[in-house]
Each structure stands twice: as C-alpha cells, then as structure tokens.
Amino acid sequence: MTSISPEAPLLEVEGLRVSFATQRGLVEAVRGVSFAMGREKLGIVGESGSGKSTIGRALMRLVPSPGVVTGQKLKVGGKDVLSANERDLQGLRGGKIAMIMQDPKFSLNPVMRIGTQIEEAIRMHRRVTRKAARAHAMEALLAVRISNPERVYHCFPHELSGGMGQRAMIAMMLSTQPDVLIADEPTSALDVTVQAQVLAILDDLVSRRGMGLIMISHDLELVASFCDRVLVMYAGRIVETLEASALSRAVHPYTRGLIACLPRLSEASSRLQTMQRDPAWSQV
Amino acid sequence: MRLLRPILAFLASIILTLLGLLAVTFVIGRVIPIDPVLAVVGDRASPQTYAAARAAMGFDLPLYQQFLIYLKNVLSGNFGQSTLTGRPVLEDIKAFFPATIELSSVAIVVGVGLGVPLGVLAGVRSGRWPDHLVRLFGLVGYSAPVFWLGLVGLLIFYAKLDWVGGPGRLDIYYDGLIEPRTGLLLLDSLLAGDTEVFWNAVSHIVLPASILAWYSMAYLSRMTRSFVMAEMKQEYVMTARIKGMSECRVIWRHVMGNVAVPLVTVVALSYGGLLEGSILTETVFAWPGLGRYITESLFNADMNAVLGGTIVVGVCYILLNLLSDLVYRLLDPRAHAA
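Protein sequences appear in the order of chains A and B.
All letters in the first sequence, in the order written, are residues 1 to 284 by full-length UniProt numbering.
All letters in the second sequence, in the order written, are residues 1 to 338 by full-length UniProt numbering.
Mixed in with the good hints there might be a few duds.
[Claimed, not checked] Computed beta-carbon distance windows for the label pairs:
1) B:PHE147 <-> A:THR22: 45 to 53 Å
2) B:ALA230 <-> A:ARG24: 19 to 27 Å
3) B:LEU187 <-> A:ASN85: 48 to 56 Å
4) A:GLY210 <-> B:LEU4: 32 to 40 Å
5) B:GLY127 <-> A:GLY78: 32 to 40 Å
6) A:ASP191 <-> B:GLU235: 15 to 23 Å
7) B:LYS233 <-> A:GLY78: 32 to 40 Å
8) A:LEU62 <-> B:GLY127: 15 to 23 Å
9) B:ARG5 <-> A:ARG208: 47 to 55 Å
10) B:ALA230 <-> A:ALA196: 33 to 41 Å
11) A:ARG24 <-> B:PRO145: 41 to 49 Å
12) B:PHE10 <-> A:ASN85: 32 to 40 Å
13) A:ARG130 <-> B:LYS233: 27 to 35 Å
If you are wondering where the hints come from, they were derived from the structure by calculation, not from laboratory data.
All residues carry an ideal CB built from backbone N, CA and C; glycine is no exception.
With the hints as extra help, turn the sequences into a complete structure.
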C-alpha cells in the first residue's frame, strides 16, 4: 500500500456532474459539486433525491447506466478517476476508496460465506496466499470487535444480525486498507442501540488508521455529532459547508429549515415545523 | 438428527406422489373405452372364454382389490405383458428407454451449455443487440414445431448435404454389432472400443439432439436471462464492484452463484420434459425410444405398455424433482434453515 503524503488532499472534486438520460429528458442528479477532503470525517446530508448517494457512487465511477459522470476534476489519492480506464478503476475501488452500504441484508452475497467474501476482497488487491488472506480476514473481523471471528468467518449473511452483518461489511471494506471510506447511510437499517456501537467502531477504525470518511446521511444530528465537517446538499448542489460544531450558526435557509424541522423532546410544541421551499435554492 | 426430519418428510412426499401417480394410471386404465379382456381374447371369443379370461385377469374383483393387486404388481416391477410385442412391459421399457435417455441427455447437455451462457449474455446486455439476437434465436426454437424442424433438418442435412446420418440410431449394417451394456449406444460403442460404430451413432444423434437442444436452449436462455437481470439489480453486485472486481468476475462468481439456485430446478424440469416429450422427435427420426413405444402401444390399445411407460416417465419426473431439491439445498444456504 503506497500511502500519500498527509498534507495532500485525499479527494479532490471540482464541478462534478452526474446526469441520467431518461425518456422524459435529461435528469441531473448532481449539478456541479466541488469539495476537497483530507484525513477527516466529512458528512454529506440532504433529503432523498438530493444527489448525496449519487456523489458516493460517482466518486468510484459506479453510477449505474445510463448515468454519465463529468467534471473538471475528480481525483482520489492524486489519481484521476475521470480519465482512468476500467483496469485502473478496479485497482482504485477497494484499494484506495471503498464504500459500505445501507443494509447488510442486501449488500452481502447471500450464498457466500462471510470469510470467503472478505478474503476475496483482500486477494483482489494483494498477492497473498489463501492462508495469509484467511489470517488477514480474521484480523479484520477482530478489528470490528467481533469476539468470535472463527464462527462469523464460516457464517452465511442470513445467519448474522443486522449489526453483525454491518460489522462484517466494515471489516470487508477496510481489509484492503483504503484511504477513503464512503459510508452510505451505514446505520439507518439498524436498531438505535446497535447504531451507536457500529458508529463507535467506524469512528475508532477511521481515526486510528488516519483515513478519510465520507458519511452520507439524511440524519443531520447524527452527522453533526459524528463528523468534522458537513456538506448540505439540495437538488444536486452543495448549498452550504459547515464545521460540524457550528451547525447552529448555519445561514442557508434550507439548512436552517432542516434544523427547525427536528422534533425536540425538551420543547413542547403542538405542531412540527415543515420546510418552506424557495425555488431560488435550486437555481444555479 | 437435524437432517433426518427433512429427509423423512421428503420420503413421505415422494411416496405420496408415487401413490397418486399409480392411482391416476390405474383409473386411466379402467375408464378408457378399451376393453383389455377383449384385446386379449379377440372379438370372436365365446362368452365363456371371455368370462374365464376376465376372471383370470382379475377384472371381476371389486375395484379396491384390483387397485391393491395393481399396486403390488407395479411395485414388484410387474407391469404385465405387452399385447403388441408379447413380452413383459418391463423388458420392453428396458430396451426402449435407454434410447430416449441418450437422446435427451445429449440434448440437455447441449441445451444447458448453450442456453445458460447465451442467457447470461442477453441478461447482462439486456435491451441491446446481443439480447435481441439471443431472444430471436430462442423464439424460433421455441415456436417452430419440432416435427417440422425435424423434417426440414433431415431434408437439408441428410438428404441434400449428407452431413449427418438419417433416421434411426445407426446405419442398418451396424445394427446389433454392439453388445448392449448400458443401452446407451454412444457409451456402449466406446466401451467396446468400436470407434466406427461410435461415429456412426454420433452422426445419427446429432440432428434430433440438436433440435431438442434448440428447444431447451430457447427455454433455458430465457429463464437464465430473467434470473440474471433480477440478480444484477441486487445490492451485493454493487458490493462486489466496490471491492474492485472485474465485471466478468462479478457476473460469474457473484451473480451466477445466486442464479444457479433457481436455475437448477428449471434445468431439471426441462430434462424431465425432454424425457417424456420427445415423442414427436422420436417419430420423425424413427428413434426407437420410450415416446415412440408409448405412442405405438396407444394406437394398438396395448394399455399395459402405455401405463407402464407412463409410470416410468412419472417416476423419472419425481426423481428429477427430488434431485433438484437436494441440489437446491446445497446451493442455497438459506434453504437449510427452512
């Protein structure tokens, strides 16, 4: 694993656009997004359809067809993703940048053992023997605080709980030691108590390994408490970038609206706030 | 112990299915307007002879007793005598069935070998020209009548081009040269080390097997296509891509691992369909198989032979189902829990 110098940004994105040619015309899911990130935890929040998940996939050039990714610049660890060929992309995926998805029930292959799936990821990126790959897989399972890796290694996905499945997923995606990890709603399919455990494991591993993490979520409070910096997206564009601690000082009316919509236990109120949208927000 | 219960449940279901099959064949044997006694004694027999034969054949007993006797006979392998060949039906089936097995097996191997990869291609490239091409090719195989394809095939490749052997399993001067051991000519000739007979048998089986294979390929490629399309939308496919796998490996390792589960059942049923449904092909190609045996027996009111053949085909179906169920359990870990 070649590591890049700590001061260089892990990810540089400029003018990223993702569009889908549909029968009802061109749909632009992402409309000119620019940001850079280092070894930090970056949150991307927005409502459904704001383009936040599409950004995650675009960074790996895994937008499903007929989606088209364009932009001025898209670099992962200094490597240009936009001009990379399929072979380079395969080295990049998993090797430099990886992603965990929402629900381990669907994102793990149901007919393959957990251990096999992790080993496969390792052997994609490193020339190691079966035995060494197995040892690495066990380490990865231990790292996500699975106390009995031997058992989980031989399990099929349906034999694990949601929390265990998501830990196995994290183990698999970190087993190749990528520099950037994208977590696309990693806990929204889990119980609240399990959410906290999984987030703690994720937080611990990411900071210990000095990786960059992109946390995609619709949960503003969760992102604010977990990340260093938050990008707020609306209709395919970033409307505001905030330090997570400065969430209360948000200026954009959409962000303020989102915060206002959150129900609070401490305040009695008869009616929840709803968003008053301004068409001007989605104008370029 | 955990495995014992499903196996017992399985056996019970097989026995019930088998009983149902025998009941159906028994009822068919009684309700069709063919008098089995008359078929034996002939229509000029005296009433006394007729009554004696009727009693000897057990037709004067109550129906449930007849059924029990029928059960006992069938289970001990006694399907009765064939009035057409004058031999025990079981002997006839032993002689005819291997020809059908041979034809169907070659057809299913070719059908799977072509149908599955083409179905994967069509599923992955769905909506684009490889998909349209595969579907068109399949549509022709699926919709053109088998007997027509057979006749046209014989006309072109046998009569005009002389690339393949004609009807029958062998040229007439090779007949009876090979000691039947398995009854499968391709295998027997190889076992005997007679390559000349082997190649002659190959030249005869190519055309009928291709036509049956085309039919099953059409079906299998369609099913594979839709299974692949459904699996490609699953999230674990994205996971495999995120790991950095090439599209080829994603498809053959991850997608096909999941597609194989339902596909096994489809292949088994398709094979079962070939075993019973090659009657037209066997007729066109004068193939001395079970389908032709049953048809000819039916035309000659030889009910013992028809029912015996039907039971054999039915048992094959049940066994294939059983086999596909077992393989299904092996391929899908989730099936263990259920």
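task: Using the Cβ atoms, figure out if LEU62 (chain A) sits within 15 to 23 Å of GLY127 (chain B).
output: This hint holds: roughly 20 Å between Cβ atoms.
Cβ distance range 27 to 35 Å for ARG130 (chain A) and LYS233 (chain B), holds or violated: Holds, since ARG130 (chain A) and LYS233 (chain B) (Cβ atoms, about 32 Å apart) stay within the stated range.
Is the gap between the beta carbons of LEU187 (chain B) and ASN85 (chain A) within 48 to 56 Å? Roughly 50 Å apart at Cβ, these two residues keep to the hinted range, so it holds.
A range of 32 to 40 Å was offered for this pair. Does it hold for the Cβ distance of GLY210 (chain A) and LEU4 (chain B)? violated, 54 Å
(message) Verify the CB-CB distance for GLY127 (chain B) and GLY78 (chain A) against the hinted window 32 to 40 Å.
(response) Since the Cβ atoms of GLY127 (chain B) and GLY78 (chain A) sit about 38 Å apart, the hinted range of 32 to 40 Å holds.
CB-CB spacing for GLY78 (chain A) and LYS233 (chain B) relative to the 32 to 40 Å hint: holds, 34 Å
- Message: Looking only at beta-carbon atoms, does the pair ALA230 (chain B), ARG24 (chain A) fall within the given range of 19 to 27 Å?
- Response: For ARG24 (chain A) against ALA230 (chain B), whose Cβ atoms are near 25 Å apart, the range 19 to 27 Å holds.
| task | Given the range 41 to 49 Å, decide if the beta-carbon distance of ARG24 (chain A) to PRO145 (chain B) lies inside it. | result | Given a distance of about 44 Å, which is inside 41 to 49 Å, the answer is holds.
Quick check: does the Cβ-Cβ distance between PHE147 (chain B) and THR22 (chain A) fall within 45 to 53 Å?
holds, 47 Å
- request: With respect to the beta-carbon atoms only, verify the hint that PHE10 (chain B) and ASN85 (chain A) lie 32 to 40 Å apart.
  value: Roughly 52 Å apart at Cβ, these two residues miss the hinted range, so it is violated.
Quiz prompt | Whether the CB-CB distance between ARG5 (chain B) and ARG208 (chain A) falls inside 47 to 55 Å | solution = Given range 47 to 55 Å: holds, Cβ gap about 48 Å.
Satisfaction of the hinted span 15 to 23 Å by the C-beta atoms belonging to ASP191 (chain A) and GLU235 (chain B): Hint holds: Cβ distance 20 Å, inside 15 to 23 Å.
Against the hints set out earlier in the document, violations occur for numbers 4, 12.
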